[in-house]
Structure formats: C-alpha cells, structure tokens
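Chains A and B, in that order, are what the protein sequence lines are.
For what it's worth, the working numbering labels the leading residue of the first sequence as 1, then goes sequentially.
For what it's worth, the working numbering labels the leading residue of the second sequence as 1, then goes sequentially.
Don't read these hints as lab results, they were simulated from the structure.
Predicted model, so just to flag it, every value in this text is computed and none were measured.
Mixed in with the good hints there might be a few duds.
Label pairs and their calculated CB-CB ranges [stated by the list, open to error]: (1) A:Phe254 with B:Val185: 38 to 48 angstroms; (2) A:Ala514 with B:Thr193: 18 to 28 angstroms; (3) A:Leu319 with B:Leu180: 57 to 67 angstroms; (4) B:Phe247 with A:Ser300: 46 to 56 angstroms.
Think of the CB as a built atom: it goes at the ideal place given N, C-alpha and C, for glycine as much as any other residue.
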Amino acid sequence: MKPPLRLAAAALCVALFFAFTATPCRALATLTQLIDPAEVNVGDQVIVTITVQNGSMDNLRLPPVDGLQVAGTRSATNITFSNGSLSRSTSFNFALVPSRAGDFTLPAFEIHTQEGDVLHVKPMKLHVLGTGATPSTNTVPAPVVPSSAPTSIPATNLPFNPNGPVVMPPTNAAAAAPPASGNAADTTGSNFSLPRDKDGGPARVFLVITPQTTDAYVGQSIPLRIDFYIRMEVNADQNSLPTIKGSDFLMNNFTTRGHASLVVLEDQQYERETWITAISAPKSGDFPLSMERDTYWIKSISSNSLDPFGGLFSRHANLAHLPIPSNQLVMHVHALPTEGKPANFTGAIGQLKVTGDAQPGSVAIGEPVTLYFSVSGEGNFDYVRCPTLPDDPAWKTYVPSSKTTYQDESRTHAVKTFEQAVIPQKNGNVPLPPASFSYFDPTTKQYVTVPIALSEITVTGSPTALAAAAPGGGADSTTASAAPKTTELVPNRLEIGAPRMSLTPVYRQSWFWAVQGGLICLPLLGALFLFLRSRSTPDDGRVERALRRHSQQQEEDAMAEAVRRGDALAFFVAARHAVQLQLGTQWNLKPEALTLGEIRGRDPHLAESLEPLFTQADEVIYSGQAGSNPDLAQWERNVRDLLHLQTA
Amino acid sequence: MTMTFFLHPLRLFTLSLFLFPFLLHADSELDAANRAYSYGSYDESAQLFQQIIAARGYSAPLCFDLANAEARAGHTGAAILNYERARYLAPADRDIDHNLQLARKQAGLEPNSYRWWQIALRSINWMVWLGIMAACLLLIFLAVIGTAYAPALAAASKIPLRLLKNIFRAVLFAGIPVCLLLGYVELSTVGFTNRIEGVIVAPKEATLRLSPFDSADSIGTIPEGELVTVEQRHNDYLRIEARDHHFGWIREKDLEPVIAGSFDAGPSN
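Chain A extracted, bound-state conformation (with noise of 0.2 angstroms):
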C-alpha cells in the first residue's frame, strides 16, 4: 500500500471508530419549559421559554389559545463546552399577550428533535387579570414588543435562571450604534434590544444585566445575572470584571470566573461570559441600575508584508478598549415597612427557615449548654443574625459564633449556623428561655416571627460562685503544690520571673538553623577529609596483600588437585609455597626468604611444626619422588589447619 493510501486508510478507520462510538454516547435531548410570570394583567406580556438541550430544531409554534395572541418569537443556540464534553441548547421565547381577563391553558403538545427525539410539553396556565388589578408577583410586566420587531425580547421580564435557557440580549434597533460609540439599550428600563453596529448587524460587544425583580426592599438580596457578549471574530483576552454604575445599590463580589460559552445571535457566534451575582440597596427610592465592563476587543489585525508565510507568523492584533455599558433598568426600591416590625428584627429579607436544638439534655450546674440555630433558605444572610434570647436569671448566655454556607452563586441561598453557650444558674429542670426570630418576607409583604421550641435542660449539683474569689489576697500560688480546683481565679503572682524582650521563639530566628547547618557540615566535612586523605596517600602494601593473598589461594587449590591426582612432588612444592606465603603476609617479608632457619629464628614453636613439611618438600624436589608413600590427604588436613591456625 502507498503511504498516501495508508494515511488514507487509517484517517478512515479513525473517522469510523469516532462514528461509531461517538453515536452511542449521544446525549437524550430534554426539555425545560417556563411560563413567566404566571398571572397578569390584560395587555401585559407573558414570556413562555421553551428550552431544548441535546437537540436540534429548526423551528417551533406554540399550538394556538383563543385570547392569547402570539406577539414574538425568538430562538438562539447555546453551545457550552463544560468539563470537556459538548452541549448544545436551543431556546425558544415566545412572548404572548392576552386580550381579556380569565385562566388560559396552553394545551401540551410534542416536539420532534432532527435526531429523532420526542419531547413532550405540559400544559401551561396563565391567569389574565382585568386592567387595574394587581398580579400577586413582584416582577414588573413588561410592554408588549412590537411585532414588527421579530427579534425584539424584553430583557426584564427575561426568567431568572442561572443555569437555565439562553438569555436574548435586548433588542432595539433604534439604539443601534458602534462599540466604540458605546452599546448601551434604552434608558427606558422597560424594553431592550441587541445593539447594533452602524451597519446595521448586531453589536460586535455588548453587555446584558438580567435582575431577578425590579422591585424589592431596602437591604433585600436580589439575585442578578450578568451576561457579557462578545464576537469570535474580535474575541479578545479581557482583564477586568463589571463594575456596578453608582452608588445605589451594593453587589456581592464574584467569587468565581464567569461561566464562557459559545452562542448564536442572528447567525454570529458570539463567546459569552456569565456572571451570577447579587445586589442589594441601602435606600428606597426608584434608581437607574446599569453596569460597565472595561473591554478589549480586536480592531484590526495587522501582518508583515515581508513575511514569506503570507502573515502567519507576523500577524499582530490591534486592539480597541473601551468600557461597554449594559442596559440600564430602574430598580424600585421600597423602604421595610415600620408597622408590625418585630424588636428582634435585624434586617433579614427572604424566604428563612429556622432550627434550634440545644446540647446536652443534663449538665452540672456551672457547665455550658451549647444551643444550635440553623436558618436557611434564601435572603441577605449578611442581615441575618443569631435567634434572640430573652433575659433570664436561670441563664448566662455568652456571644455565639456563626457559620455561613452558601450554596448558589449568587449567594443568596445559604444555610448560617449559630452556636451560643448558655450556662444554667441554678439547678433542677430549667426550661432554657424561648427563642425567636425574625424576618421579613418580601413575597407576603410582612414580618415574620419564628418561635423557635427548645428543651429543657436537666441541671444538677449546687450552685457555685463564678470568678468571684477576693484578689490579692496575698497568697503566691506558684507555692501551692497541688492544681487548683476551685472554679476561682488563682491570685496574682508577687515576682517578675524571667523576663525577656521578645516572645519569638528562637527557631524562627535565621541564626539558630545557621548554627545547626554549620555543625552538621562539620562531621561531613570530616568525612570528605578522610575520603581525600586515603586517596591522596594510596597503601602500596594493599596491592602486594592482595596478589599474595591470591597466590595464597591458588597453592591451596594446588594441593588439592595434586591429592586428587596422587602427585606428592607437586603437592608438596605447593604446600610449601602456601605456608611461605602466608608467613610472609603475616611478617611482610618476602615468601622466598622464609627458610625453616628463618622460622626458627621468630617462632620456633612453629617452625618445629612445620619442620617435617620442609624436610618432607625438600626430599621429594631434590629426589623427584616421595621417599615413602605419604598419605596425602592427611597431609592437606594438616596443612589446611595450621593455615587456618596462623589466619586466625
């Protein structure tokens, strides 16, 4: 096979093995459906958001309901990369207004995916109330977009969900204008567009804020979605995050990056970052919310005519930065109400749920019960404080801790957990005092008040004084002996001790691991002295040792292969030459020098041991062969042992 067929080839069976795989690992499609708000008024607008994740559509109709004229309809795709995996999303507003008063039922109905999915929608209701009437929502109707603007989507009335369908940025195409000239949507707070460029196509950037209500309360937490869209083909790295407008309302800071995603506007794909977040008003009053982003975007870009790869390599980014202001929204900011409110009120708004135990059930007198609140739900858990206690005398209660767990983004659902140590005064079953809080409730419009029921405590033994003890009372305790145990303060000590200027423990000083990496480098040092004196004065002995030591061996092995053979002349010449050698090493003189006169003269306990073995070799050299027929082998014991006698 030639090597472009095999590349071919294998290119295939890549392609197939993807195919193949990748066909059952396809996500189902599924379906979100939102119909918001629930109940208005009749000319109001009603968005119903229709979400498809997983799927492909082309197109959707809503089935028709008598008295509900279909006013927009708008679609987008929602491309996400998330943990390495693909979604895809397609979402379908559609904005309906009703032409009299009464309770609608949009009928459910099926939706075919291109991939062959069905998805089956619920019925919606909606009730319209007659002109005048007040929906029970706090969200503000919007105005009917006009049905000569099909891309034309309300931005206020938008629902909020953080994770939820694809957010339209708002649509007007009087406000079009360039980036550079700034993008922002009507001032009017009430109908939004996609900003455009001036020719004409949708804004290269621009920036969306989606609050959950319009209306709220002094100090209300109000979740808030930011959505910052930019072009692919100007896409550039940004190096700073939105920034509130004003002094009017407080937001929370960002605690995590905003979640990027691809999206299609009117065929453009735009990258867009989200933020969810939440903002807050210190005063009541009606006041413009708007937001900023100090943004960067690609101007131009600009390449080296010299360049011989055409540009690749030279290409250079002209960037463009300015800060892009969103649409603006008025806020309606309500002072909380001053009737009815509770004395225990500290400025909580939401929705809260309380819990309260207290730990343990006996205790000795004296000894510490720990009561546990638990409020959760959503609200301004910066406003929500520990339950009150009332006074009283059969309790000392102490400061509590608290903990907050947040567990949205926005920070607005959290579970805050107080612990409080409340320590019995007297004995018997005491009922701890009743516990309350408070908060206000912005759907209900009213304060609430949570009786929060704890047990009574079992408390034993007699009551005794706390910290009550005289000072000075003279007495020195460093000269007790014994621990003290009473529940008083130990007096005051009558001497200075040692004193010294500085707390520092020494091993945070520099010097102290100096000195220790000093001392240990002495012993190193020592040894790399050791290692390049023996080097520098080699032992010429060692060597000569050693090849005696080895001729040593090779006599023994002599020996032996000469008993083997029966050959006392070679066996004997060996033998000789194995304990001449040894003698030598032991004496450091030459093997040869060492006659049995020589033995004699330093050992002659020895030499008179190994004097048959001389007189024996030398007989058996001078004549050629043994005089007798010696037994060899004991000779080799022999003379192995009186080795082995001088080795050791």
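Got chain A; can you put chain B on it based on the hints?
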C-alpha cells in the same frame, strides 16, 4: 580583669548602690500594679502591668498578672490573650491553665488545655537543645578526624591503638543515630508549634469575611477570646482558621498575636 572588678567586695557594694534604685523602682511598679489590683482598680492595674512588660519584657508571672487584671476588668479577649502568652512561656504551669480555662468558660468558649505531650513539646528549651545537638555533632566530627590520626594519637596518648579505634567507632555508631533522632524530633516539634496564633480581641465578636475586603460578604463571626491560627495576610486582613476548619478573612485589628509581632513576619500574598 572584669571578673576581678566584680569580685572585689567594695566595688561590688558600690555597684549595687547604683543598681538598687532601678531594682527598687521595678519592684515598686509591680507593687503598685498589685495594689491597684487588690483595690479593685483593674483597668489601672492592667495598665501598670502593661507598662512593666513594655519596659522589662514578657514573663509568665507578668503576663499572668496582666491577664488576671484584664479578666477582672471584663476585657475577655485581652485576658485570654495574656493567659495564652503566659502559657506559652510556662506550658506546664497549672495555675495559668486553670485561669485560662476559667476565662474561656466564662466567655462561652470550649476548653483548650494542653495534653501531656503538648506540654512536653512546648516545654523544650531550644538553647539547651541546640547545645545538645552541637555537642553530638562535634563529637562525631572529632571521631571522624580522630580515626584518620588514630596511630599518632595512640602513640601520643599511650592509649592502645585498638582501644582508641573502638572509642571512635562507638562515638560514630552512637552519635549519628542520636543526631538523626534529635533532628527528626526538632523538625517535628517546630512543625507542630510553629503556627502563628492569635486571639480575637474585638469586642464581643469579629466578623469573618469571604475575601480580604471591607465590602466582602460575611461568612460568620468568631466570639471574643477565641484562639485562631493565622495562615495568610493581605493588606489589613488576615486569613485565619478557627475551630472546625472554619476559614475566612478577618481584620487585623480584631486579632492580637500570641507571640507579639508574629503577624508582621507572617506569610503574606
């Protein structure tokens, strides 16, 4: 020459006459502080003890007395802080621990007495430790060098060569493991005790924040007197760990270090 100067009785007497007023002055300050304490003027007593500490330095009795005065004056955070300092200087002192636990109990805090091994580790005198380490390492060094010159040393000292070599070997075989053990214990102990700790001194409670900014969300509160560990610093905020791995940022002024000045040398970002 210096020693002879001090050993001379007449000169020593003259010197004591010069030093006496200063010693008397220090003792009179201590007496005044204790007197104010016994008369119930706890704020004044605390102030006087603080002055003595500022002039003469920290000692376990002085910190203990100051803590007693602060406790009586109702300054829970300052009292616990000074009890902690006293305990740092005298970890095995049971009176200090008793008063500290009493103050914590009165503040609604859980007891935090040391266990025996914590007392042992915190009682280590690092200068003595350094001396032992130095002695061991010097002995090893001498043994190594001595091994090289053993024959000459044996000849000079009339000690048999074999005995001398055995002595050097024994020093090496015993000294090296001892040094390794000492080093291990030292590093472990420093790792255990080298935390930067502080006590909440903000009245009633301190607010724990999500990030080191005034506008950051509160993620809880820590009551006055609680002992926390400081991990990081950012401008005027310190990242701390309280009980139950409860992390957050707290304003520096709400916290006082147990070891004075340790926040300045602490980690920062």
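Evaluation of the provided hints:
1. A:Phe254 with B:Val185: 38 to 48 angstroms: holds (47 angstroms)
2. A:Ala514 with B:Thr193: 18 to 28 angstroms: holds (20 angstroms)
3. A:Leu319 with B:Leu180: 57 to 67 angstroms: holds (60 angstroms)
4. B:Phe247 with A:Ser300: 46 to 56 angstroms: holds (47 angstroms)
No hint from the list above goes unmet by this structure.
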